[in-house]
Each structure stands twice: as C-alpha cells, then as structure tokens.
Amino acid sequence: MAENKESKVSTTTLRAYVMIGVLALIWAYFHWATGSIFLTPTNLSNLATQMSVTAILAVGMLMVIVSGNIDLSVGSVLGFAGGIAALSMTTYEFGLVPSIIFAILVGVAIGVFQGALTAYLNIPAFIVTLGGLLAWRGAVKWLLGGYTVPVADETFKAIGNEYILPVGGWIIAAVAIAFVVLMAYRNARSVKDYGLGEANYGGEMLKAIIPVVGVVAFIWVMNAYRGIPVPVIILLGVALLGAFITNSTTFGRYLYAIGGNADAARLSGIDNKRQVLKVYALLGAFTGIAALIFTARVGSAAPDAGVLKELDAIAACVIGGASLMGGRGTVFGACLGALIMASLDNGMSLLNVRDFMQDIIKGSILVIAVGLDMFGRRGT
Amino acid sequence: MRNIVKEFPGVRALDGVSFTLEAGEFHSLVGENGAGKSTLMKTLSGVYPFGTYEGDIIIDDEVRQFRGIRDSEHAGVAIIFQELSLVKELTVGENIFLGKEPSKLGVINWSELYHRTSKLLQDLNLDIDPRVQVGNLGIGQQQLVEIAKALSKEAKILVLDEPTAALTESEVETLFTILRDLKKRGVGMVYISHKLNEVFEMSDRITVLRDGKTIGTHNAADLTKDKVIELMVGREVGNIFPECHHDFGETVLEVKNLTAYSIDAVNKKVVDDVSFHVRKGEVLGIAGLMGAGRTELLMSIFGAWAGKYSREVIVEGKSVHLDSPASAIREGIGFVTEDRKRFGLILEQTILDNMTLAGLKRISGAFLTNRTRETIAAKGPMKSLRVKANSPLTVAGTLSGGNQQKVVLGKWLLTNPKVLFLDEPTRGIDVGAKQEIYAEINKLAEQGLAIVLVSSELPEVLGLSDRVMVLHEGRVTGEFTRADATPEKVMAAATGNH
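Protein chains in written order, with this note's numbering: chain A, 1231 to 1610; chain B, 11 to 508.
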C-alpha cells in the first residue's frame, strides 16, 4: 500500500530551510545593492529592533490562525493599549509598573471579550475583529482626544530604545547554549530511558551545533554595535514562550487539533471554546506588550499608532507557512516571516525606494510567496 | 480497457489490467481497498488524462485519448464518485445542469431548467422537488440526485463507486429499480462495492482486482460470495465473524430515559425514551435503519449531541453528570465516531498526533506534552491493531480507509475506556481490515470492555453482538439475545413490523 509519504516533521523542516534560503538571498541582494551597508552590525541591530513589534504580534497571531481563527483588530488594540499606557503615566500618574501592567491587562481584556464573542456566541472571528478594528481605533481617538500624547519617563522609553550591556548578552548566550545542550542530552537519553533504542549522544550534539552557532553569531553581531536592543530581548522571550506553548503544551496541541478538524477535536474531549478564548487572551497580552514597545520607541501615543499592523502580522504568519484554514503553522515560521517583511522594509528604505513602491513590492511578494508555496505543495 | 498500467511515485497502482463492458451489462468490480478499482475508473473517466497511464481505452471500437472529464463525458462515460460532488447550496435543478444550464447569451432559462429537471426525476420515479436545496435532502436522496445528474448527460457507461454506502434499504431498492431500468435501456454499468449481497443481486459479471492486477472476470452465476472473498483476499476465508464466548460481569453503563430532539426541528424527538444497559465483556449491538436515532443516541450519552436531550447515565452503579465529551471520557466512555474523515481524524496530522489526542492529558500530563511518552503510547495500538505505516509520524490522510479506522480505534483505546461506543466501525473499509477490526472487538470484549456497536450492516451486528437492541424511529422496537437474533426478526423490528 502506498503509505510511505514523508511525515509532517520533515516537510516543515524543509520549508524552514527554504525560507532561510530566501532570507539569505534577500539579504545578499540588499547588501550588494546598498553598497555593503545592509549587513553591518548597526543595520542588523536596527533591523532586529524594527521587526520586534510585528514579530511579537505575529507570534500571538500565529496561534490564533493555527486554531482556525483570525484577528484583524490587533493594530487598533495596539493603538488603544498604547494610549492607555501613555495616559496612565502622564495624565493619571499611576507610575511606570502599574501603567505597564494596566496596558497588558487591557490587551488581555479585549482579547477575552472578542474571543468570547467568537467562541461562545459563534460570531465569525473575521466579523468580530473587523468590528474591533474599527471600534478600538475609534476608542483610541476618543481616549487621546485626537492628539498625540508624549511620554517623558526615560525608564519607559528605554523599553523601546535601550540596549543590554555586552556582558548581559554573553550571559544570555551562555544560558541559551546550556539550555540547548541540556535539551539535546535529554532527548538522547529519553530514547534509551523509554526503551526505544540506544542513546545517540553524538548525533543529538551534532544537531545542537546549528542553534549554538546561531546564538553566538547573533550575540556577537548585536554586541558589535551596542548590545542586544531591549525590544529584541522581549521578542526573544515572547517567541520562546510561543514556541514552547505550540510545541510542548497540551493547549498548543489542542490549537492545532481545533484548526485541523474542529469536530474531531470536540469529540475527542477538547473544550474548543475555552481554548479559543485562551488563545485570544494570549494574543491580547502580546498585543499589550507590543503596544508598550511601540509607544516607548516613538516616545508618545498617537491616535493612528499601529494602523495596518494587523496585516503585517498576518502576512508574517502566512509567509511563514501558516494556513489561514487553520491547523498549520509554526512560531519559528511566523518570526522568520516577520524578519523577511522587516528586511524588505529596511532594505528598500536604505535604497530610497519610494513609499508607494515599497507597498506595491511588499504586497506582491506576499502573494508570490504564498503562490509558490501552494505550487510546491501540489507536487507532493 | 486493455493492459492499463498506472504508476504513482513508488507504487504501481494498476499493473496491466484489462476490463470489458458491454451495452446493457451490469459489471461489478470488487477488491480490497487499494486494489486499484477507483484508480481504474479514474483512468476511464479522464481524471488521469491520456499520457499519464499506459494501455488503451477503447469505446465503441475506437481508441480514446481523454484529456479530462469533459472528454470522457462527451464519449458517454459518467462516473459517480464515493464522495458526493454536489453543491449543497444550490438546488437540485441547478446541480443537475451545473455547467450546462440551458441559456441564451449567458442568461439562464430557469423555467426550462426546472422543467427538464422534473422530467428527468419523473423518468427515474424520484419524488424530489427540483427547487429544493441539495443540502436539505437526506444523503440517500443526494445520491439519487447525483445519479440523475449523470444520466442527464445521456451516459452510455455509468460508473458507480460505492453508491449505497449511505443509503437505507428502501433507498437501495429505489436505486436498484432505476439501475435495472437503465440496463434495459442499454446503459452499461460498472459497479464498485464492498457489499457482496448487492453485487450478487445485480451483476451479470464480476471482475476481481487485487494489488492492481485482474484476478479474474466471471459470470456472477458461476461464483459464490465465499469464492469472491477468497479471490479478493487471495486466501481462504473462514467465517469472518470469529466464534467467541464472552463472560459478562457487572453492568458498566446504564442509560435511563434518554430522549433527544432534532437539531433543526426543535420539537421533533429523534430518540424517544430509550433505556438500556451494557455489562462488562458484553457487546451490545444497536440495529436500525438510517434515521432510527442510533448515532443521536450515542452522541447524547456522550454529551456531544447538538440538539436538546435529557437522560440519566449511570457508570458502575454511580449516577454521573455528563455535559461534554471531556466529562464522558473522564468517566471511561470512549466513542469511535462514524465518518472518520469528518469526526474522527485530523487528516493532515500524524498518526501519533491523532492517536494521542483524546487521551493526551492522561498520556502526557495535564499541562506539558511529552513526545517520547506519546510515541510509546501510540506504538501500542499501532502494533496490536496492525496499522500499516512506516512510523507513527506518517500523516493520517495518506493512510487507506482501514488503517485510518484503526487509528481512530487506537485513539480511543488510549483513553483507557470502560465502555467503548463503535459507530459504523467498518464503513467503507476492505474485507481484510474489517476482519481485523472484528477480531479486535472480540478481543476487547474478552478483556472485559463493555462495547456498544452501531452498524448499518446487519450481518455485522448479528455476528458480533451478544445482545441486539433494535431502534425504529427513535424507539426501542425489539431486543434479542445472540441466539434469538435472526436477520428476519431484527429487520422486522427495524422496519417497525413487530
């Protein structure tokens, strides 16, 4: 019987390699076209900072998309949560920490509200969040009275603009490498512990080389400028959390199951509604975090903050291989998608490509990427 | 069709198959799943266009080279696939004339369309409103509409791939009457089916395929069912329902006064005051025709019925409150649902992911998953149920029907159930896999599992059950012990003639 098709794991891995290849091509082109400006520590540091807001949103969005839903409102919610943070620090003087918590809680509350409308009242996610896109944008304008509210607090602005000292970077690198090696060791040992064969320590360590080299290279490049930017540290935290949730928790597995076949998931004892509510709450929290970085970077909350951010986040997920039908996608892919999008923005700005042209090129690349993906899928 | 060879990457699906069909002939094509029946017919109908296979397709003494379905339709070939290809949102008439609406300058002549549809339906003695949406028809009627659609193309060759899988007995009779009539009109028919009773009732000739090769073409009169099964599986088949004796223990599950209401018509009862119990080690068969309320009964116990329902469920002597599948699973109820593609599997995910889904928290832990522990857990049923796949990471959608069904069964065994519901556990799977599942059901019962079996195949219910409960329009109309349950008695109860 013809049942020896490749497994999901290897196709996903293959996809990741193809995307890394595409990214390398884009970088090589920009490096050449900008006269060796693109691949300098300074620019790469900027690039990493620029992608962080979109990528944080994309990590949350990915989980929503995997569950077979969508959120069109994150751009507006980002604006609203940013406005809340700015006002509570300036007008209401709640202080730094309470304001940060407040902004994140607002994101969560909106996520829970919209998630509940989708999951429990069965209003399609597209409609609920399309309404949210309009309503929360209106709410920001109302909240800020149509004005831009500047934030003076230097500590707050550091969230968007400061760097971790190089020593801190190396400490993080050491922790990350220790973690990777530990995981490789555990993987190898568990094979033996569970009686699935002999432990292959050498093989697992070999596989750990790529992430270890990646970590070292990343920290080295960041430190060559001014250290890891704070937004990038936050992004790394969010991305690791997202990867952990999707790969290693029952909640994550349930999201894939619900997106893959909601009926089968429900009949397997999964409370689909609750999982959907939770995933919207999570995206809300990430949106709150992204709002803080966005506001801190700009140094003010504006009525139009975050406009079109939802589309960047969705595009990042889709370029990263997520299916809008649900059930498929990875956090790694979404981050890579965000990096590709940010690279295009950054490179085209360096090349002084006109604003409208940038939009046309980005739009076209989105469609081409997905088109090629569908084409490649048909062959298998 | 002469010496057809069709290859897919890595597999030779058809290996020099020849097949002839005469005008007015009813020719059945049988074989296990994966034997190449559907592939052969897809070659005939141009789904696999000329050039992708070797060999010749000859219709009316002329070699044909179909580039697609349109070409084969022009040559008079109509095919009805296993999966219905009707647009549920469109009306019967719109479906029948889809792609060839009577029109002038692109403007559809609706009155002619519906007029011609009524005439077509009348010709077939079908009492179906041409203006009703297909989605509002029962699955059996949809199948008949599909046939009407095929005939509207004035087919000379009609290929039917498992057309009766979803039909009730009376719908099957209607279908057969139509087919007999078509035969008289000279339409040649290729009939693919797992149901040998039907094959023998209708066929002039029977061709058996196995592993992409023609095993033989015989006049139906020269064959017996046992002989056909032997040809299909390539080995002697004894009684396909193994003899076994179950020792019953305590009552595991008792259901009292279950009433369930229709989803669409809120006041219509689909199950009406049904009570029953099942004991440790016992197989309770639930027989009934389509619409008798069997699936609704199981769904309501499981807390998964979408309409209103009320009942008392007692597990091991304790009244339990079940309001969701999760709570039912916690109490030890497993439910191998019908229609594995729709309700059972996540087709794009691996065997591993599918098998551990229902019991994930038991296998892995409440919060974190553990791949290694899951792999070990999934390997158990993969081995005991003999799932044919390279590894637990094989994607479920690439498996054959029988193996997919085993994955669903494995999923529920991994929840460690006390009671297992089986809803149509062998629909659309080949004889070999059926036998394996029958053997597994008996083994599970011997190990002390209480089993509730729903099946539309009467021999299956009678062959496996220690006790048979019969439903008719939502009510219990008979209950028989294994010794008492004759096909005649059960069918009488199922049709309400008791």
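Hints are supplied without guarantee of correctness; some may be wrong.
As the list claims (entries may be wrong) - If the Cβ cut is set under 7 Å, some of the chain A residues that face chain B in the computed set are:
| id | residue |
| --- | --- |
| 1 | 1387 |
| 2 | 1391 |
| 3 | 1420 |
| 4 | 1478 |
| 5 | 1479 |
| 6 | 1480 |
| 7 | 1487 |
| 8 | 1490 |
| 9 | 1491 |
| 10 | 1492 |
| 11 | 1493 |
| 12 | 1497 |
| 13 | 1499 |
To be verified - Mimicking PhoX-like on lysine-lysine, the simulated pairs with C-alpha atoms at most 20 Å apart in a straight line are:
| id | chain 1 | residue 1 | chain 2 | residue 2 |
| --- | --- | --- | --- | --- |
| 14 | A | 1503 | B | 163 |
| 15 | B | 371 | B | 290 |
| 16 | B | 428 | B | 328 |
| 17 | B | 163 | B | 129 |
| 18 | B | 290 | B | 398 |
| 19 | B | 159 | B | 52 |
| 20 | A | 1422 | B | 389 |
| 21 | B | 398 | B | 351 |
| 22 | A | 1503 | B | 318 |
Just so you know, the hints here were simulated from the structure itself, not pulled from any lab data.
The C-beta atom is built at its ideal place from N, Cα and C for all residues, glycine as well.
Hint check results:
1. 1387: Hint violated; residue 1387 of chain A Cβ to chain B Cβ min 37 Å, cut 7 Å.
2. 1391: Cβ of residue 1391 of chain A sits 36 Å from chain B, so the hint is violated.
3. 1420: holds (5 Å)
4. 1478: holds (6 Å)
5. 1479: Holds, about 6 Å.
6. 1480: Given a least distance of 5 Å, the restraint on residue 1480 of chain A holds.
7. 1487: Holds. Min distance 6 Å.
8. 1490: Residue 1490 of chain A check passes; min Cβ-Cβ to chain B is 4 Å, inside 7 Å.
9. 1491: holds (4 Å)
10. 1492: Result: violated, 10 Å to nearest chain B Cβ.
11. 1493: holds (5 Å)
12. 1497: holds (5 Å)
13. 1499: Status holds, d = 4 Å.
14. A/1503 to B/163: violated (46 Å)
15. B/371 to B/290: This hinted pair is violated, its Cα atoms lying about 25 Å apart.
16. B/428 to B/328: Distance of about 14 Å is within 20 Å: holds.
17. B/163 to B/129: holds (14 Å)
18. B/290 to B/398: violated (30 Å)
19. B/159 to B/52: Distance ~18 Å between residue 159 of chain B and residue 52 of chain B Cα, so the pair holds.
20. A/1422 to B/389: Cα-Cα ~16 Å, so holds.
21. B/398 to B/351: holds (18 Å)
22. A/1503 to B/318: holds (19 Å)
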